[in-house]
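In order, the protein sequences belong to chains A and B.
Start counting the first sequence at 1; every next residue gets the next number (my numbering).
Start counting the second sequence at 1; every next residue gets the next number (my numbering).
Treat the hints with caution; some may be incorrect.
Stated by the list, open to error - Derived pair list, reagent style EDC-like, types lysine to aspartate or glutamate, alpha-carbon separation capped at 20 Å:
(1) B:K47 to B:E95
(2) B:K83 to B:D117
(3) A:K53 to B:E24
(4) B:K20 to A:E86
Hints were generated in silico from the structure; no laboratory data involved.
This is what each chain is made of:
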Amino acid sequence: MENIFTGIAAYLKGLLVGAPPWRQTLAMGLLYLLGVLAFIFLNAIYLIYLERKVSAYMQQRLGPNRLGPRGLLQSVADAVKLLGKEDIIPRGADKWVFIIAPVIIFIPAVMVYAVIPFGKGMIPVDLNIGVFYFLAVASTTTIAILMGGWGANNKYALLGSMRCVAQMVSYEIPLTFSILGVIMLAGSLQTSQIVAAQEKIWYILLQPVAFLIYFIAATAEVNRAPFDLVEGEQEIIAGPYTEYTGMRYALFYLSEYANLVSVSALAVTLFLGGWHGPWLPSWLWFLIKVYIMIFIFMWVRWTFPRIRIDHLLGFNWKVLLPLSLANILVTGVGIKIYQLLTLGRW
Amino acid sequence: MFGQGLLKGLSITWHFFFGKAITEQYPERRPNLPPASHGSFRLDREKCIACGLCASACPNHVITIESERDEQKKRRLTGYRVKFGQCLFCGLCVESCPQDALHWQPDFELACYRYEDTEHDLLAGPAAEVKKGA
Chain A
1 MENIFTGIAA
11 YLKGLLVGAP
21 PWRQTLAMGL
31 LYLLGVLAFI
41 FLNAIYLIYL
51 ERKVSAYMQQ
61 RLGPNRLGPR
71 GLLQSVADAV
81 KLLGKEDIIP
91 RGADKWVFII
101 APVIIFIPAV
111 MVYAVIPFGK
121 GMIPVDLNIG
131 VFYFLAVAST
141 TTIAILMGGW
151 GANNKYALLG
161 SMRCVAQMVS
171 YEIPLTFSIL
181 GVIMLAGSLQ
191 TSQIVAAQEK
201 IWYILLQPVA
211 FLIYFIAATA
221 EVNRAPFDLV
231 EGEQEIIAGP
241 YTEYTGMRYA
251 LFYLSEYANL
261 VSVSALAVTL
271 FLGGWHGPWL
281 PSWLWFLIKV
291 YIMIFIFMWV
301 RWTFPRIRID
311 HLLGFNWKVL
321 LPLSLANILV
331 TGVGIKIYQL
341 LTLGRW
Chain B
1 MFGQGLLKGL
11 SITWHFFFGK
21 AITEQYPERR
31 PNLPPASHGS
41 FRLDREKCIA
51 CGLCASACPN
61 HVITIESERD
71 EQKKRRLTGY
81 RVKFGQCLFC
91 GLCVESCPQD
101 ALHWQPDFEL
111 ACYRYEDTEH
121 DLLAGPAAEV
131 KKGA
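This is chain B alone, in the form it adopts within the complex (with noise of 0.2 Å):
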């Protein structure tokens, strides 16, 4: 019938209209976001072999890594510092982790004032926390 479209139509937005609204209201209420989120990074420090394999792996060159040798010849991961200004959050990091010692974190609140304060010591904790600590 002539007009079936138009009557379709409105009734949608009707529907909508009395039907909840998907916003959320951020500051107030917190996304509940799943786990594999490309928020932030957290790094296992006890699995990590210091490799170097992230570093090579970043599009970005944003992965810093120190390390040390120990008495056994062993490499010791001393600094993991990621300049998040750049970081692209593609995750080839986390994907290129041999030892999977490289996890996603739902963190997404990275903001700062600071143009230093971009870069972060993932040895030190997850990026979120060490800021909220600062």
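The shape of chain A in the complex, shown without the other chains (with noise of 0.2 Å):
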């Protein structure tokens, strides 16, 4: 069980023996972002449903049970009914940018996945920066929003998308100050080093306030309650989505959720220990911490309500920001007075 996937790649590389390097590398790079592809597109399908669950039973409801097995197949047949849908491009509307911001906010949703390693020896691409690069990609999200909702020619889209820039932009430094502490404990930027550093024991009992900066971070990052003013149903209909339908509206939920199981996976492999963990294989165990990651989110977004624009701002550069630049002096004075105690000098 331990070896299925890294077998079948060891398996298809095994076929391209004899072909030219670029062609063999060309080759294992499609693999990869296949499988990326495979695993991004059935994480969604499932995703849908488990969070119309997880609402559902949060709000003492049953949730989707009419369609298949308790209602399996409901995001099978909300696929096919977003396939169906007229494609609508408003009048008025900036038609280019409209037409590929969908497209482009799903780039850097599967870029990311290169860095992630989903279990011992699967990492699709093992580099030096994986942290960085991760921050790095992820971060170009705003700027397909911000063309959503400026392409659209609607006040609601442009105040959504505004509202996005603003909001995912300061966001992002907690975010990343609150990685920085892991970092200077692993010594290193590549996400397969942070996962081995971790095999005794986990960052999360070293960094516990990073953690918790770094959950409410990403929770703003991706948008979700009780940081997800970029839609806000109830004041600007669905922000930068409001114009969109069809296949267009569905790669922009897709990318959401995406988002979400990378920040998920990024989390579980700089704070949970990454694939480490006893008797079962380690992509399991990647999966299964993923999913916990993924269920404190839903969790979190179901209970608490939306809070406001100005106090997001607030908490973030008021509360989010000291606090992870002191928990990065704390943790390198940490680290110096641990080396003080264990090798005798700085």
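Both chains are given apart, each in its own frame, so use the hints to dock them into the complex.
Here you go:
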């Protein structure tokens, strides 16, 4: 069980022996991309169902339970419905910006998966600046949402996308600073090394404050309640997605869930020991931990009401940012004291 | 302490998550309604004296009473038609009845396909039963 995916990859690589090196690299890259896409689509389809079920149970309802066993086929029906919808481009829209925004938002959502260690030896591209790459690519999502909101020629869409820019750009700072503590402990930006450094002790135990900051900032980054001001259906309909229909809307939806999975996966990688765990295969441990994180995200979403935009930004600049800076200071001092105690020198 | 309310909220949703859903799966499971539910009406035709108080109490004038006099010049009910299409189910007719002949009945499934079917003759029995028989 442990080697099921690495085995498949090794077998396919074996088929390419003798081919020119560039072709091997290209073929393996495409294979990894295919694997990541399959992972994203399957997860998104399941997560839509899961979100509806979790929200239903938390509101003492039953949730979808008509289509398929326990309603499992509901999200398939939703996807088919979206496929059949009319593709509307509003009059006065900035046509090309409007059309390519959903495509552009999907690209970083897929790209961040390149550095996620899904299991032992199961990392598509083991970059030495993996975490930095993740943050840099993920931050470009803002542009796509702004494009969608601007292109739609709709005041609610523009309002939503402006909120998105304000929120995502400012929450990126505490997010990055919270990760810095982990990087100082691990001494590496490489995700595989960070996971390897957590073999004995998970970083959530050494960096609980950083984990909390990461969790809050990540919730804001993926625009989920209580920080879902970008969509804020009661105020601005659906924010940047207001004018989108059919498959374009589905792409936004898909990338939203892809982002949810990727921030959960990064949390698992940085704080919850990655794929480390007893008995079960490493990739299964990774999946279990990711789903625990996703459940917590959903739990928070269906518990708290949306907060006001000025409170949101005030909380970021006045609370999260100083706290994350203090966390870096304490971590640095702690590392030095630890070195003094164990090695007898700074 | 700071953030105590957040934790309280989380614990409430946590308990709801594992608690029982209150949703009733309606078509498969019938709701167990209390006898005074405003569903439809049942007329006790022995008690009714065809006085017409219910018809005049009705704000929408949906009740039409037909009666005739028998040999002793006593009023006898021959028809009691209710246009359920316009009925508010306010219950003023039930309250106004001096003989306690008109009652609530929990049958609420009064939907039908044709407009003419929305009118029922309560003399023939409760609305829901008449419809099932037809």
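Hint check:
Taken as a hint, the K47 (chain B) and E95 (chain B) pair is honoured in the structure, with Cα atoms around 15 Å apart against an allowance of 20 Å. Simply put, K83 (chain B) and D117 (chain B) have alpha-carbon atoms about 9 Å apart, close enough for the 20 Å limit, and the pair holds. For the suggested pair K53 (chain A) and E24 (chain B), the alpha carbons sit about 16 Å apart, so the restraint of at most 20 Å is met. Annotation: proposed proximity of K20 (chain B) to E86 (chain A) is violated, straight-line Cα distance about 40 Å (limit 20 Å).
In summary, the structure is inconsistent with hint 4 from the numbered list given earlier, while agreeing with all the others.
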